[in-house]
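**Q** Produce the complete structure using the sequences and hints provided.
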Amino acid sequence: MTSNPVSIRIYVPKDACAIACGADEVVAAIAAAAARRQQAVEIIRTGSRGMLWLEPLVEVGTPEGRIGYGPVEEGDVEALFEAGFLTGAAHGLRIGKPEEHPFMAKQTRLTFARCGIVDPASYTDYRAHGGYKGLERALQLGPVEIIEEVKKSGLRGRGGAGFPTAIKWKTVADAKADRKYIVCNADEGDSGTFADRMIMEGDPFELIEGMTIAGIAVGATKGFVYTRSEYPHAIAAMEKAIQVARAHGMLGVNIAGSQHSFDMEVRMGAGAYVCGEETALLDSLEGKRGTVRAKPPLPAHKGLFQKPTVINNVLSLTAIPHILAGGGEFYANFGMGRSRGTMPIQIAGNVKFGGLFETAFGITLGELVNDIGGGTASGKPVKAAQVGGPLGAYVPTWQFDLPFDYEAFAAKDALIGHGGIVVFDEGADMAKMARFAMEFCSVESCGKCTPCRIGSTRGVELMDRIIAGQRVEANLATLTDLCQTMKLGSLCALGGFTPYPVLSALKHFPEEFGAPPRRLEAAE
Amino acid sequence: MPHYEPWSEGRARAVIEEFSHLEGPLMPMLHAVQETFGHVPDAIVPMLAELLNISRAEVHGVVTFYHDFRHEPAGRHVLKLCRAEACQAAGGDALADHAEHRLGCKLGETTADGRVTVEPIYCLGLCATAPSAMLDGRIVARLTERRLDALIAEAQS
Numbered sequence: 001m002t003s004n005p006v007s008i009r010i011y012v013p014k015d016a017c018a019i020a021c022g023a024d025e026v027v028a029a030i031a032a033a034a035a036r037r038q039q040a041v042e043i044i045r046t047g048s049r050g051m052l053w054l055e056p057l058v059e060v061g062t063p064e065g066r067i068g069y070g071p072v073e074e075g076d077v078e079a080l081f082e083a084g085f086l087t088g089a090a091h092g093l094r095i096g097k098p099e100e101h102p103f104m105a106k107q108t109r110l111t112f113a114r115c116g117i118v119d120p121a122s123y124t125d126y127r128a129h130g131g132y133k134g135l136e137r138a139l140q141l142g143p144v145e146i147i148e149e150v151k152k153s154g155l156r157g158r159g160g161a162g163f164p165t166a167i168k169w170k171t172v173a174d175a176k177a178d179r180k181y182i183v184c185n186a187d188e189g190d191s192g193t194f195a196d197r198m199i200m201e202g203d204p205f206e207l208i209e210g211m212t213i214a215g216i217a218v219g220a221t222k223g224f225v226y227t228r229s230e231y232p233h234a235i236a237a238m239e240k241a242i243q244v245a246r247a248h249g250m251l252g253v254n255i256a257g258s259q260h261s262f263d264m265e266v267r268m269g270a271g272a273y274v275c276g277e278e279t280a281l282l283d284s285l286e287g288k289r290g291t292v293r294a295k296p297p298l299p300a301h302k303g304l305f306q307k308p309t310v311i312n313n314v315l316s317l318t319a320i321p322h323i324l325a326g327g328g329e330f331y332a333n334f335g336m337g338r339s340r341g342t343m344p345i346q347i348a349g350n351v352k353f354g355g356l357f358e359t360a361f362g363i364t365l366g367e368l369v370n371d372i373g374g375g376t377a378s379g380k381p382v383k384a385a386q387v388g389g390p391l392g393a394y395v396p397t398w399q400f401d402l403p404f405d406y407e408a409f410a411a412k413d414a415l416i417g418h419g420g421i422v423v424f425d426e427g428a429d430m431a432k433m434a435r436f437a438m439e440f441c442s443v444e445s446c447g448k449c450t451p452c453r454i455g456s457t458r459g460v461e462l463m464d465r466i467i468a469g470q471r472v473e474a475n476l477a478t479l480t481d482l483c484q485t486m487k488l489g490s491l492c493a494l495g496g497f498t499p500y501p502v503l504s505a506l507k508h509f510p511e512e513f514g515a516p517p518r519r520l521e522a523a524e
Numbered sequence: 001m002p003h004y005e006p007w008s009e010g011r012a013r014a015v016i017e018e019f020s021h022l023e024g025p026l027m028p029m030l031h032a033v034q035e036t037f038g039h040v041p042d043a044i045v046p047m048l049a050e051l052l053n054i055s056r057a058e059v060h061g062v063v064t065f066y067h068d069f070r071h072e073p074a075g076r077h078v079l080k081l082c083r084a085e086a087c088q089a090a091g092g093d094a095l096a097d098h099a100e101h102r103l104g105c106k107l108g109e110t111t112a113d114g115r116v117t118v119e120p121i122y123c124l125g126l127c128a129t130a131p132s133a134m135l136d137g138r139i140v141a142r143l144t145e146r147r148l149d150a151l152i153a154e155a156q157s
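Line order of the protein sequences matches chains R and E. Per the working numbering, the very first residue in the first sequence carries number 1; after that it's consecutive. Per the working numbering, the very first residue in the second sequence carries number 1; after that it's consecutive.
Hints listed in this document are in silico derivations from the structure and should not be mistaken for laboratory results. For glycine and all other residues, C-beta sits at the position ideal for the given N, C-alpha and C. There's no promise every hint is true.
[To be verified] Pairwise CB distance ranges (calculated): (1) E:E145 with R:Q470: 44 to 52 Å; (2) R:G427 with E:T64: 31 to 39 Å; (3) R:Q470 with E:N53: 48 to 56 Å; (4) E:E154 with R:D401: 41 to 49 Å; (5) R:K106 with E:I54: 47 to 55 Å.
[What the hints assert, rightly or not] Covered by chain E, according to a simulated footprint, are these stretches of chain R (three or more residues, beta-carbon under 8 Å): (6) 17–30; (7) 135–146; (8) 154–163; (9) 185–193; (10) 262–275; (11) 343–353; (12) 417–423.
**A** Printed below as a string of C-alpha cells:
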C-alpha cells in the first residue's frame, strides 16, 4: 500500500438532516477507510446544499471543483474509495458538480448562497464568500439610509405575515428609549419548514450580520435568537458562530472598529408551538408563560421588557446582508407584484426530491411540487399540498397554477406562511387532516382567547361526529360557523388561521366529510 | 442514555444561580434544572420564586405551560416520534401505531418496566426526509418499520 501525503478535502454536511440520515457514521467510515490506505484527508463539515433526498451528500475537492456523491450510506464508503471517488471518479452515487445539478441550477440563491459550501464555524470562509460586505456598507450608510435601502428592497416579513420590514424598523428607530432590542424569531414550528434550521446550521454568520445591521439601524445593542428545543444542532452552530464573531470583534463593543456596539444570545423555547407568535415569544423570552399579548401596543413600541423591539423572522434578517451589500433595488429586481426578492421554499412530506429551493416569487405551486419536487415519493398521484404549515390551506392539484405570491395565495384563501410545502398523495384522509388541525390548535392554544381555546376543542368534537357520520349536514354547518368565529375572533394566527386547513379540506374534498361532491367551478 | 443527578437542594441552587445574571433568566434556569435532574421537581418552585422575586404561582404557571418540562422523571430512554403533517404524509401514522403496539403503551406514556417513554413531537425540522424520530437526543430520519424496530430494541436493551 502506498501512502499519499497530498491531503484531499472531503466535505460532509453537519446539517441535522444529514446527521439524521447517517452523516456522522459516514464521516467515521471515510476517516477509517482513508487511514487504512494511509491517504491524508481533511474532512470539512459544512451545512447542507438543500438537496435533502441526496443526504448525506459527500463532496470531494478535485482540480475541476467539488464533485458530489449521494445519498451515501456508511456501507457505501469502501466501494467509493475502491472506485476512486477521491479523484472524482465515476460511481453509481456520483451526481457531478452539485451546483450544476438541475435542482440547484434552477434556483436564485441569495440567502442560501453559502449554505452547504462553507464551514459554518469559519469566519475566514464567511469573509471569503462575501460575508460582512453588507455590514461594511451599513456602517458607511448609517441608520437612516440603512432603513431606506430596506424600504427600497420591498422586503416583507418572511415569518408568514408579510409585513414590510422597513416600516417595523422605522417605528423602532423613531421610538425613544434607554434600551431597544432585536429579537430573531427562529421558533420554526411549522411542519414542512426547515429553512431557519438550515441557515442557522449552515451559515450562522449571515444571521449574526443581519441582526447586527438591524441593531445599527434602530439603535439597539442587544439581540436574542429565540429558537426551539427541537433544534439542538442549530443552537450549537449559532452559539459557536457567536463566539467566533466576538473573538473577531464583530460582536460586542465597537463592532468592526466602529462606534456601534451589539451583542447577542441564543435562547431556547420549550416545546410550545404558540411561541412562534411574536408576542407570545416575547413573553417566553421574559420568562413567562408563552401567552399572546393583545396589540396595540405593538412590539415596536413596547416589546421585550416593554422596550421598543424589532422582531423579525430568520429569513427576513438573513436577507438583510444581501440587501445592504447589493442595494435595495438589486433585491427588489427579483419577484412579482408586491412580493419582492427571493423566498427560500421548503418542499417536504410525501415528495420525491424534497429540499430547500430558493427562488424569486412568482413560481407556481405545480412547478414546485411536480417539476422540481418530482411528485410523490410513494409514486401515487399527488392529492394536495398544504402550504404554510399547520395553519396553511390544503391546495388541491387543480389549483396548482397558483403563483408563489402573498396576494395570489390570499385571493385563493391560502397563505404562503413560512414557505413550507407538504405534499400528500391520494392516500391522505382529508377529514382526518381537518380534525388534526383542530386538535393541534387545542393542544397548542395558549388559552388567552376563547375562540381559540374553546373553539378548537369544539372543532375536534364536531369533526369526530362528522367522521362518525352523525347529522353530517348540521354539524358541517356548525363547523363552518365555528371556523368563521375563530377566524374573526381569535387574538393571533393560531386560532385565526386554524380554519384555513379545515375549510380548504372541506371545500375541495367535501365528499370525504360525507357532504355532496364539489361541483366544478367554471373558472377552474 | 442520559445520566441525571439525584435531587439536592444545594446542587439545585448552584444550577439556577448560574443564570442569575441573564435578562429573563427563568426559561434557561428551568432547562438547566431539567438537564441536571431529569425533570423539574416541585421543590425547585419556591427556590425560583424567591430568587427571582416572583410568586410561586407564577413559577408553577410557567413550568406547566411548556410541553418540555417534565413533572415526573421519564423512562430510562425517551423515544420521540414526529407526528406533524409532513411525517403523517410520509407514513408516520402507521409507524406510531407500530411503536405503540411493540411497546405496549400509548404515545405520551412509559412502558411498565420504566425503560422507555414514547412521546409525540411536533416537528423536528427534518420534513424532507420524513418520517423522523429522536431517541435520547439522537435524530433519525427516513424512518421505516425496520429502523423503528432497531430503535425500540436499542431503547429496551
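**Q** Check the structure against each numbered hint from earlier and tell me which ones fail, lowest number first.
**A** When the structure is compared with the hints, numbers 1, 7, 8 turn out to be violated.
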